[in-house]
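Novice: Listed below, chain by chain, are the residues.
Protein chains: 4
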Amino acid sequence: MNSPDPSHAAKASSTGSGRKRSQQATEAAQGAALQLAYDLGPERVTMEAIASHSGVAKTTLYRRWNSAAAVVMDAFLSELTPQIAYRTGQDVRQTLVFALEDLSAALDAPRRKLLRHMIAAAQSCSVLEQAFWDRWIAPRRQAGKEALEQFGVSSEEAELTLDLLYGAFYYRMLIPYAPITSTWIQKIVDQVS
Amino acid sequence: MNSPDPSHAAKASSTGSGRKRSQQATEAAQGAALQLAYDLGPERVTMEAIASHSGVAKTTLYRRWNSAAAVVMDAFLSELTPQIAYRTGQDVRQTLVFALEDLSAALDAPRRKLLRHMIAAAQSCSVLEQAFWDRWIAPRRQAGKEALEQFGVSSEEAELTLDLLYGAFYYRMLIPYAPITSTWIQKIVDQVS
Amino acid sequence: MNSPDPSHAAKASSTGSGRKRSQQATEAAQGAALQLAYDLGPERVTMEAIASHSGVAKTTLYRRWNSAAAVVMDAFLSELTPQIAYRTGQDVRQTLVFALEDLSAALDAPRRKLLRHMIAAAQSCSVLEQAFWDRWIAPRRQAGKEALEQFGVSSEEAELTLDLLYGAFYYRMLIPYAPITSTWIQKIVDQVS
Amino acid sequence: MNSPDPSHAAKASSTGSGRKRSQQATEAAQGAALQLAYDLGPERVTMEAIASHSGVAKTTLYRRWNSAAAVVMDAFLSELTPQIAYRTGQDVRQTLVFALEDLSAALDAPRRKLLRHMIAAAQSCSVLEQAFWDRWIAPRRQAGKEALEQFGVSSEEAELTLDLLYGAFYYRMLIPYAPITSTWIQKIVDQVS
DNA sequence: TTTTAATCGAGACGGTACGTCGCGTCTTGTT
DNA sequence: AACAAGACGCGACGTACCGTCTCGATTAAAA
Chain U
1 MNSPDPSHAA KASSTGSGRK RSQQATEAAQ GAALQLAYDL GPERVTMEAI ASHSGVAKTT
61 LYRRWNSAAA VVMDAFLSEL TPQIAYRTGQ DVRQTLVFAL EDLSAALDAP RRKLLRHMIA
121 AAQSCSVLEQ AFWDRWIAPR RQAGKEALEQ FGVSSEEAEL TLDLLYGAFY YRMLIPYAPI
181 TSTWIQKIVD QVS
Chain G
1 MNSPDPSHAA KASSTGSGRK RSQQATEAAQ GAALQLAYDL GPERVTMEAI ASHSGVAKTT
61 LYRRWNSAAA VVMDAFLSEL TPQIAYRTGQ DVRQTLVFAL EDLSAALDAP RRKLLRHMIA
121 AAQSCSVLEQ AFWDRWIAPR RQAGKEALEQ FGVSSEEAEL TLDLLYGAFY YRMLIPYAPI
181 TSTWIQKIVD QVS
Chain Y
1 MNSPDPSHAA KASSTGSGRK RSQQATEAAQ GAALQLAYDL GPERVTMEAI ASHSGVAKTT
61 LYRRWNSAAA VVMDAFLSEL TPQIAYRTGQ DVRQTLVFAL EDLSAALDAP RRKLLRHMIA
121 AAQSCSVLEQ AFWDRWIAPR RQAGKEALEQ FGVSSEEAEL TLDLLYGAFY YRMLIPYAPI
181 TSTWIQKIVD QVS
Chain X
1 MNSPDPSHAA KASSTGSGRK RSQQATEAAQ GAALQLAYDL GPERVTMEAI ASHSGVAKTT
61 LYRRWNSAAA VVMDAFLSEL TPQIAYRTGQ DVRQTLVFAL EDLSAALDAP RRKLLRHMIA
121 AAQSCSVLEQ AFWDRWIAPR RQAGKEALEQ FGVSSEEAEL TLDLLYGAFY YRMLIPYAPI
181 TSTWIQKIVD QVS
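Chains U, G, Y and X, in that order, give the protein sequences. Counting in the UniProt record's numbering, the first sequence runs from 1 upward without gaps. Counting in the UniProt record's numbering, the second sequence runs from 1 upward without gaps. Counting in the UniProt record's numbering, the third sequence runs from 1 upward without gaps. Counting in the UniProt record's numbering, the fourth sequence runs from 1 upward without gaps.
Simulated from the structure, these hints should not be mistaken for laboratory data. The reader is advised that the hints may include incorrect statements.
When chains are identical, the list treats them as one kind, so a pair holds in a single copy or across two.
Derived EDC-like pairs: lysine to aspartate or glutamate, alpha-carbon spacing no greater than 16 Å straight-line [as the list claims (entries may be wrong)]: (1) K113 to D39; (2) K58 to D134; (3) K187 to E159; (4) K187 to E27; (5) K187 to E157; (6) K145 to D91; (7) K20 to E129; (8) K145 to E157; (9) K20 to D39; (10) K187 to E156; (11) K20 to E149; (12) K113 to E27; (13) K58 to E156; (14) K58 to E129; (15) K187 to E101; (16) K187 to D39; (17) K58 to E149; (18) K113 to D91.
Keep in mind it's a predicted model, so treat the numbers as computed, not measured.
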């Protein structure tokens with residue numbers, strides 16, 4: 001269940017011989033990447049900039065990640081993943097509302113922009129796609145499924161419900177013709193549950 | 001309904017004096033852009049490549065579009081938009097199933113890849129975002145809304161339904177952990193209608 | 001006799017179409033290259049440095065020359081070639097002494113270092129080797145031959161004499177176990193003429 | 001005559017304590033360096049390549065030599081120096097012809113290329129310059145001088161003769177506008193002796 | 001008919017970033 | 001100590017595209 005290296009966007013070190021990889025460099029790179037993403041916008045984060053802002057050499061960056069987007073992805077997921085826990089409500093409806101509202105609340109404007117950009121990045125890089133699924137989408141779906149099954153919802157039905165609700169959520173986030181409000185969340189939950 | 005210049009990603013010519021813009025150049029550029037997108041993948045289409053493959057000068061390209069993605073978007077939308085018409089079924093359920101199945105059928109593997117990439121491109125360029133909404137998302141939603149209203153569904157309810165269904169559809173397209181099948185389409189429609 | 005483009009180290013422009021190459025950029029690049037060669041030593045001149053010191057883009061540099069050494073070579077030859085004219089003396093001996101002394105005088109310490117480095121560079125690049133022969137060695141030999149023939153020296157004999165004298169000169173310049181003095185020049189001339 | 005450590009490009013070990021330096025590593029490095037020089041051309045020999053081809057760690061290489069060129073120089077001189085002995089002819093003329101012809105014969109095309117590159121390398125590294133003089137040029141000059149002095153040639157006169165002949169030889173080798181032939185060798189010897 | 005103005009192709013230009021190579025140094029664990 | 005392995009910061013490489021800018025040659029409406 002637990003993979004030894006949770007960062008699927010990162011490359012693995014080969015053997016145990018030779019000097020160890022510097023954890024400090026990894027953290028500095030991720031920090032700089034995240035900072036740049038928030039400051040300049042995620043699409044303007046470059047390996048060059050991460051290197052110069054973090055003091056980590058480009059060679060070292062490429063030894064760990066394939067692209068600037070991969071660094072940002074890794075940093076973003078490391079930052080956000082632990083923040084979001086699943087609340088279980090009194091019934092199915094409330095559990096789902098909690099899930100979407102907590103998600104919406106966790107995603108303030110800059111994070112939302114970052115998330116949009118990472119979904120975009122995942123569209124043209126299968127490594128990022130996999131990382132995004134493994135570390136962002138799947139855990140949330142898994143938690144949602146387990147919560148729904150506590151209320152007797154079948155596995156298949158739970159999957160469909162999550163497709164619809166998370167689908168609608170990301171749809172409105174990516175194609176933002178209208179803001180995601182609490183009211184809207186409650187209405188879509190009502191419609192599917 | 002029809003704006004005089006349907007291409008929101010394109011720039012307008014100023015006065016009527018002087019030489020006319022060559023329609024041939026526009027078509028050559030769009031054709032080359034589309035070809036390159038299908039051949040090399042949409043992320044590898046560059047202005048430089050469009051220019052050299054189409055014989056259209058870069059100056060001319062920039063006179064019409066702001067970026068390579070804009071050319072591809074324009075070409076893609078010009079190609080696909082007319083293909084998809086809205087079928088009205090016997091009831092609400094069938095109408096929605098038709099809509100999603102027709103959409104799925106229209107998007108073969110290469111087109112799907114293109115569409116995914118264009119959604120991605122729209123995340124970091126408001127011009128493309130607008131064009132994508134205006135020429136792809138909005139018309140389909142509008143047609144769907146009108147179809148649903150024919151069956152007495154309220155405007156607001158229709159919006160929610162479309163959010164959920166199109167949301168789920170694009171969610172599964174962008175984060176393709178499982179294929180979009182006819183069975184799945186029918187199930188999600190059943191759940192919301 | 002006169003080649004249209006005397007700079008064999010430089011690349012030629014293809015057709016007459018399109019924007020003309022900027023003469024200003026060429027001069028700026030050569031100037032910066034020469035300056036850097038004198039300041040830092042010719043082996044430390046890089047394309048990167050030439051670009052940043054001259055304001056000429058790297059792309060532009062590579063459009064004209066294949067390497068930093070080629071820029072320096074071109075600049076050096078452009079600077080030095082016109083400076084050295086052939087003096088004809090009263091007899092063969094004096095003519096040869098003049099030639100070597102003038103050459104020695106024209107090559108002050110920094111120029112000598114540059115010349116040594118360029119001979120070195122020519123050893124691993126046939127383009128530079130050719131340029132060096134065409135624009136530095138050959139003209140001097142030609143002038144020397146003509147001068148000697150005025151005194152009735154046969155062509156073949158002149159070649160041998162020049163091989164020996166210029167050979168000794170460059171030998172002492174490249175493997176400087178002892179300085180090149182006027183006395184030494186006179187002695188070697190005496191030995192071969 | 002023989003210095004204890006003939007490799008002027010190599011560094012000396014400090015104390016006698018600790019593990020001895022591996023002679024095997026030295027030989028492997030030199031062998032790989034020479035092989036690479038012949039295979040890829042001497043200008044493409046790098047410390048990195050020597051290390052990976054020889055299995056000797058970079059640390060170890062830098063403990064012995066300052067640069068890749070130094071390894072090649074060392075290897076080349078170790079290989080060639082013993083090969084060339086001085087033949088003494090019947091008279092001055094024949095002794096000199098022997099010297100140049102033996103030198104020319106010892107230098108086949110790949111070795112000649114290597115030698116040219118090493119003269120080049122010596123132009124921008126005083127350590128290499130010194131090593132090249134000490135181990136290649138000087139011994140040959142010394143032997144030549146002694147041979148000439150056997151025939152009653154004065155020391156000074158011998159120096160001049162060697163300057164002229166070796167000068168011409170290297171001149172034609174470095175600036176190869178014409179091949180070095182036996183005929184040419186005889187002619188230049190005739191001219192100076 | 002002659003301007004005259006916008007367009008076209010070609011391609012050079014100053015830039016930014018790329019991803020890689022080699023440098024020389026520094027751990028890390030082994031011999 | 002020296003060794004093989006290999007990570008590290010660094011500087012430069014040569015290339016790809018970017019978006020802009022001459023160029024000279026078309027092209028068609030306005031004068």
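Novice: Now tell me, hint by hint, if it's right for this structure.
Specialist: Tested hints:
no.: 1; hint: K113 to D39; verdict: within (11 Å within a copy, 30 Å between copies)
no.: 2; hint: K58 to D134; verdict: neither (27 Å within a copy, 40 Å between copies)
no.: 3; hint: K187 to E159; verdict: between (19 Å within a copy, 11 Å between copies)
no.: 4; hint: K187 to E27; verdict: neither (41 Å within a copy, 45 Å between copies)
no.: 5; hint: K187 to E157; verdict: between (19 Å within a copy, 9 Å between copies)
no.: 6; hint: K145 to D91; verdict: within (14 Å within a copy, 31 Å between copies)
no.: 7; hint: K20 to E129; verdict: neither (28 Å within a copy, 39 Å between copies)
no.: 8; hint: K145 to E157; verdict: within (9 Å within a copy, 26 Å between copies)
no.: 9; hint: K20 to D39; verdict: neither (32 Å within a copy, 34 Å between copies)
no.: 10; hint: K187 to E156; verdict: between (22 Å within a copy, 10 Å between copies)
no.: 11; hint: K20 to E149; verdict: neither (44 Å within a copy, 64 Å between copies)
no.: 12; hint: K113 to E27; verdict: neither (22 Å within a copy, 34 Å between copies)
no.: 13; hint: K58 to E156; verdict: neither (46 Å within a copy, 52 Å between copies)
no.: 14; hint: K58 to E129; verdict: neither (23 Å within a copy, 33 Å between copies)
no.: 15; hint: K187 to E101; verdict: within (12 Å within a copy, 25 Å between copies)
no.: 16; hint: K187 to D39; verdict: neither (35 Å within a copy, 43 Å between copies)
no.: 17; hint: K58 to E149; verdict: neither (47 Å within a copy, 57 Å between copies)
no.: 18; hint: K113 to D91; verdict: neither (32 Å within a copy, 39 Å between copies)
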